[in-house]
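Generate coordinates for the entire structure from the input sequences, incorporating the hints supplied.
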Amino acid sequence: MIRDFRNVAFAVGWRTIHNVFHNPSLLFPGLAFPLINFAAFAGGLSRLRHVPGFDYAPGYSGFQFCFVLLQSAAFGGVFTGFGIARDFEYGFARRLLLSATRRSGIIAGYAIGALVRYLLTAAVVTGVAIGAGMRIKGNGIDLVGVYTLAVLVNVAFLLWACGVAMRFQSVQAGPIMQTPVFLILFFAPVYVPLDLLRGWIHSLAVANPLTRLIEAVRSLLAGHPAEVGAAYGVGFALIALFALWALAALRSAEARG
Amino acid sequence: MRSGLSQVYHVARRSVVRQARQPANVVAPVIFPLGLLAVNSGGLQAATLISGFPTNRFVAFALAIPFLQGALFATMNAGTDLARDIQTGFLNRLSLTPMRGAALIVGQLAGVAAVALVQAVFYVGTAYAVDVHPESGPAGVLVLLALAVAIAIGFGAVGVFMALRTGSGEAVQGLFPVLFVFLLVSSMNFPRNLIEADWFRWLANVNPVSYLIEGVRSLIIEGWNGEALGLAFAISAGLLALALLASALALRQRMTRT
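Heads up: the sequence lines are chains H and R, in that order. Position one of the first sequence corresponds to residue 38 (this note's numbering), numbered consecutively onward. Position one of the second sequence corresponds to residue -2 (this note's numbering), numbered consecutively onward.
Some hints here could point you the wrong way.
One-sided and incomplete, this derived list gives chain H residues near chain R with beta-carbon spacing under 8 Å [said to hold, decoys possible]:
hint, residue
1, 137
2, 139
3, 224
4, 236
Please keep in mind that the hints were generated in silico from the structure rather than gathered at the bench. Using N, Cα and C, we set each Cβ at its ideal position, and we do this for glycine too.
This is the structure:
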């Protein structure tokens, strides 16, 4: 049973990775999107570090790097969701459902594909951020925490997008996949720390689960871990929730035939 | 002359009706920019604490952005509609008629202008709703609407050119991120003189979109700034002229009459 699951997962994962890495039109938007955001935020808004109360040792580049790292993780999952929707639209997924001995392995396979794709993006974004003057204050263990939290976000939003793709089975569901992700990301403290937000956006940011992740990643990069346990809790909770969502969508796709 | 005007009228009417029949084309350019405005003005309010920032309310500063984002959507809508005409063979059938190419382009842009005006009225209404009163007064609001339409027509012409050049709605849609980069690398979130990174300030200085934003912004937070307005109108006109010229050349190939 486990072997069946593993075989299906690796086969789907390999196919997803192969498709993305052999098709520049699929690979480059996923790389360009976070880099453009990083350039626009870290370059255009760097004066925000002079706002009274803003004190972040890795600098404004580091501050924005953490957000862009998590944003690219989330959208890495969503972009892979587009591919799943395309597989359904072109009928490939139907053949996949027929041939897979353990169908939940299909979801795991897409998650593997999304993860490998994201690792490349994370490497590029990290390189660019270091080149742009980001100072890393955390130690090796802190950095492992930074990327582990990012991976949790990637898996969680892949599962979200996978659920949407399997339910709607059309690329036209793209806005349903990405709009909520976009909103939840931007209702977190994107430009300044949580303490400097005022009014309704502060209340939303406090209630937003992604705030815990962003704040934890920023604290780890700065070498002063804070709220890390809560961030892991949020990450695993999101994965559990969206895994149920994706599995239910898979059952619904099976039922449709 | 009269026949030409009649042709423009019929294409324009079709373009406007078509936009009105696609609620997504009208609603998305209104909702998306206002959503971003809400997020950015909340998140970046702290920027007004920086010495030299031109206003103490970031929402007033950022209100210019929806006008540009709305224009970007206008580009996509105009281009996608025309590309669909090409893909479905409508343009080929049209080339069998005495329809002039210029009438087709101008008529198409009339639809863009109509949607842009509706959007701009909505954005101005939003400004008053959040208690931002344009410093230039009621006359300034009229100029603001005119500038918004001029910018949208300029961008719309780019969309028309892309549609004629590629004949593909997908290719026109693919243009959106490219144009969005121009918006991101501009004085959208910060005045150019306060941008700290030299390379980014240089990019914002050479980016014409900065001057379009500043033209709109000047009417909201400054009052009457002849230089900012002149530059914004001139750049819109230049963009329109270039895109029309390119469109005319592309149309000549696309509507080859045999």
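Minimum beta-carbon distance criterion (8 Å), residue 224 of chain H to chain R: This interface hint holds because 7 Å falls under the 8 Å limit.
Do the numbers back the hint for residue 139 of chain H, that is, is its least Cβ distance to chain R under 8 Å? 36 Å, violated
For the restraint on residue 236 of chain H, tell me whether the closest CB of chain R is nearer than 8 Å. Because about 6 Å separates residue 236 of chain H from the closest Cβ in chain R, which is inside the 8 Å limit, the hint holds.
Hinted contact residue 137 of chain H with chain R - closest CB pair below 8 Å: 31 Å, violated
The earlier numbered hints that this structure contradicts are 1 and 2.
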